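Visitor: Single-letter residue listing:
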Amino acid sequence: MEIVFIAAAIILGCGALATGIGFALLGGKLLESSARQPEMAPSLQTKTFIMAGLLDAVPMIGVGIAMYLIFVVAG
Amino acid sequence: MTRIKKAIIQLPLIKWLVIEMAALVIFSLLWSLESRLAGYSAFVGGLIFVIPNVYFAHRMYRYQGARHAHLMVGSMFRAEGVKLALTAVGFAAVFILMEPVHVPALLFTFAVMVVLSGVLHFLIQPKRQL
Chain A
81 MEIVFIAAAI ILGCGALATG IGFALLGGKL LESSARQPEM APSLQTKTFI
131 MAGLLDAVPM IGVGIAMYLI FVVAG
Chain B
646 MTRIKKAIIQ LPLIKWLVIE MAALVIFSLL WSLESRLAGY SAFVGGLIFV
696 IPNVYFAHRM YRYQGARHAH LMVGSMFRAE GVKLALTAVG FAAVFILMEP
746 VHVPALLFTF AVMVVLSGVL HFLIQPKRQL
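Note that the protein sequences, when read in sequence, are chains A and B. Each position in the first sequence, counted from 1, maps to that position plus 80 in the working numbering. Each position in the second sequence, counted from 1, maps to that position plus 645 in the working numbering.
Bear in mind the hints are in silico, worked out from the structure with no lab data behind them. Keep in mind that this is a model prediction, so the values were computed, not measured. Errors might be hidden in some of the hints.
What the hints assert, rightly or not - Partial selection, computed: residues in chain B whose CB lies under 10 Å from chain A:
#, residue
1, Leu675
2, Glu679
3, Ser680
4, Leu692
5, Ile696
6, Val699
7, His715
8, Phe736
9, Ala737
For glycine and all other residues, C-beta sits at the position ideal for the given N, C-alpha and C.
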């Protein structure tokens, strides 16, 4: 039964790590681009929002599967 | 100040939300052909995605303009963290509180809504901001 919790922990941890790295890159590029061309900032923000939605798609599904493992399979 | 308000209005966030909710209702009706519990579970699974996503969009556009770029990025990080936490809490609450739950309908509708949201954001581009 402990293996299920370990699996859920790995899914959540890897998902959080990947999302953190992705958002750090995305936010860094947004700051860099806004500093270089301030007039493009609203447009860049919208593009960042769209990319953020795509970036966290897989970790979101991972969260759902991890919660299923914890509360249904192990519970 | 007027420029910020104008930029917020031009984003099709309401349009995205309406299309997502319409798709959610259609998927729930399709699942309810199997059983009433499956339709209900599918609707809840979609809501688990839509509610944190609305919060994320609201927080993401709290600050605008190059002058507030650092606040914008900070707000984006916090919004993403809260979005993931809300999703986890939503799933945990459903699995604990909703005793008979149709798990395939719940997870399938959630996954479909995640993919649909990404596709929608690409298909419905925002209007040019002046």
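Visitor: With chain A as the partner, please determine if leucine 675/B meets the hint condition of a C-beta pair closer than 10 Å.
Guide: Hint on leucine 675/B: violated, closest Cβ of chain A at ~19 Å, above 10 Å.
Visitor: Checking hints one by one. Is alanine 737/B an interface residue toward chain A, by the C-beta closer than 10 Å rule?
Guide: Hint on alanine 737/B: holds, closest Cβ of chain A at ~6 Å, below 10 Å.
Visitor: Does the closest beta carbon of chain A sit nearer than 10 Å to the beta carbon of isoleucine 696/B?
Guide: It is violated, given that the least Cβ distance between isoleucine 696/B and chain A is near 12 Å, above 10 Å.
Visitor: Does the CB of phenylalanine 736/B sit less than 10 Å away from some CB of chain A?
Guide: 4 Å, holds
Visitor: Holds or violated: the hint that glutamate 679/B contacts chain A, with Cβ atoms closer than 10 Å.
Guide: 19 Å, violated
Visitor: Taking 10 Å as the limit, does the beta-carbon of valine 699/B come near enough to a beta-carbon in chain A?
Guide: 12 Å, violated
Visitor: When the nearest CB of chain A is found for serine 680/B, is that gap smaller than 10 Å?
Guide: Interface hint status for serine 680/B: violated (18 Å vs cutoff 10 Å).
Visitor: Given histidine 715/B was flagged as interface, is its beta-carbon under 10 Å from a beta-carbon of chain A?
Guide: Check passed: Cβ of histidine 715/B comes within 7 Å of chain A, closer than 10 Å.
Visitor: Should the hint that leucine 692/B touches chain A count as held when the rule is a Cβ pair under 10 Å?
Guide: 13 Å, violated
Checked against the numbered hints given earlier, the structure breaks hints 1, 2, 3, 4, 5 and 6 and satisfies all the rest.
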